[in-house]
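Produce the complete structure using the sequences and hints provided.
Those protein sequences? They're chains Z and G, same order as listed.
In this note's numbering, each residue carries its 1-based index in the first sequence increased by 66.
In this note's numbering, each residue carries its 1-based index in the second sequence increased by 9.
No lab work stands behind these hints: they were computed from the structure.
All values reported here derive from a predicted model rather than from experimental measurement.
A few of these clues could be false.
Reference listing, derived: stretches of chain Z covered by chain G, where coverage requires no fewer than 3 residues with Cβ under 8 Å from a Cβ of chain G [claimed, not checked]:
| hint | segment |
| --- | --- |
| 1 | 73-86 |
| 2 | 117-131 |
| 3 | 162-168 |
| 4 | 173-180 |
DSBU-like mimics (lysine-lysine), calculated; alpha carbons at most 30 Å apart, straight line [as the list claims (entries may be wrong)]:
| hint | chain 1 | residue 1 | chain 2 | residue 2 |
| --- | --- | --- | --- | --- |
| 5 | G | K87 | Z | K75 |
| 6 | Z | K93 | Z | K75 |
| 7 | Z | K178 | G | K87 |
| 8 | G | K92 | G | K102 |
| 9 | G | K32 | Z | K93 |
| 10 | Z | K192 | G | K32 |
| 11 | G | K92 | Z | K75 |
| 12 | G | K102 | Z | K178 |
We put the CB at the ideal spot given by N, CA and C, even for glycine.
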Amino acid sequence: MHEEYPVEKSDYTRAGEASASIKRILKQLGISGSVLRRIGVACYEVELNLVIHSDGGVLSLDVDSDAVTLTSADRGPGIPDIQMAMREGYSTASEEARSLGFGAGMGLPNMKRNADDFFIESEPGKGTTIRMSFRLG
Amino acid sequence: MTIAELIPLIEAENLIPDADLTKEVSCGYTCDLLSWVMAHGDEGMAWVTVQTNMNVIAVALLSDMACVILPESIQMEKESLDKAAAEGLCVLKSPLTGYEICGRLHAAGIPEHA
Numbered sequence: 067m068h069e070e071y072p073v074e075k076s077d078y079t080r081a082g083e084a085s086a087s088i089k090r091i092l093k094q095l096g097i098s099g100s101v102l103r104r105i106g107v108a109c110y111e112v113e114l115n116l117v118i119h120s121d122g123g124v125l126s127l128d129v130d131s132d133a134v135t136l137t138s139a140d141r142g143p144g145i146p147d148i149q150m151a152m153r154e155g156y157s158t159a160s161e162e163a164r165s166l167g168f169g170a171g172m173g174l175p176n177m178k179r180n181a182d183d184f185f186i187e188s189e190p191g192k193g194t195t196i197r198m199s200f201r202l203g
Numbered sequence: 010m011t012i013a014e015l016i017p018l019i020e021a022e023n024l025i026p027d028a029d030l031t032k033e034v035s036c037g038y039t040c041d042l043l044s045w046v047m048a049h050g051d052e053g054m055a056w057v058t059v060q061t062n063m064n065v066i067a068v069a070l071l072s073d074m075a076c077v078i079l080p081e082s083i084q085m086e087k088e089s090l091d092k093a094a095a096e097g098l099c100v101l102k103s104p105l106t107g108y109e110i111c112g113r114l115h116a117a118g119i120p121e122h123a
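What follows is the structure, encoded as C-alpha cells:
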C-alpha cells in the first residue's frame, strides 16, 4: 500500500497528525511492539523536520509484506552540511521551534537510530529526501 | 505501580477524567526537550515536563507512555488536554517540583528503564 501526507512549513499545531495516522494504519495492519514504536518515533521526527526546517513537503508511507518504508521529500531549502546535521546536539531550529521544546539537535540521529536503513540526500536550493525502512518480522 | 497508586504519592490531580488509571507505570523520566524525550521515551513511562503544548501529547502517545506529569501546578492548554482525553492519555498535575516528583518515584521503586 502507498499513502501520502502533505506537511506544511511552520504548522506546529498540526505537527504529528500524519505520524498519528500512519501509526494507526500500521496498528490496523497488525504491526506492534518495538518495531511500531521505532517507526512512530522516526516518523514523528521526520514530520517535525518538515515543519521546522523545510519549505513544506510530502511524507509517504509504503508497506509491503516484509518492510515499512517512510519517505520525506521537501521543496527546500536543502541542507548545506549533512555531516553537521547528523551530529547529535547540532541544530538550526528557529526560536519559535525551540520555545516549543524542539531543536535539541536529535532529530536526524534519532531517525538513523530507529530505522533499519536510513538514506538522506540533499541539495541546497532544491530540497532534501529522507528514506527510512523498517524490517517486519 | 499503577497510575492510581502514583497519584497520592506525588499529591497529584488527574486532569483526564476518563483516563485508565489501572495502567502500570514501568519507568520514569524528566526532560523538556521533546526530541530528546523521543530518543528516550519508553512504554509505560511517567514523564515529568513543564512543556504543555500539543506536541507533548503526541510524543507521549508515540512512545506508549503511561502518563504525563506537570510539576509545580503548571496549567496545560485546553487543546492539549482535549487531545489527551481523545486519545485516552493520562495527564497529572502536581504542586511538587520536578525534582521532588522524580525523587518520590525513584524512592518508590520506579526505575529509569522499563
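Status of the hints after comparison with the structure:
1. 73-86: holds (count 6)
2. 117-131: Our answer is that it is violated, as 0 residues pass the Cβ test (under 8 Å) against chain G, missing three.
3. 162-168: holds (count 3)
4. 173-180: holds (count 4)
5. K87(G) - K75(Z): holds, 24 Å
6. K93(Z) - K75(Z): holds, 28 Å
7. K178(Z) - K87(G): violated, 34 Å
8. K92(G) - K102(G): holds, 16 Å
9. K32(G) - K93(Z): Since the Cα atoms of K32(G) and K93(Z) sit roughly 20 Å apart, the hinted pair holds (cutoff 30 Å).
10. K192(Z) - K32(G): violated, 47 Å
11. K92(G) - K75(Z): holds, 22 Å
12. K102(G) - K178(Z): violated, 34 Å
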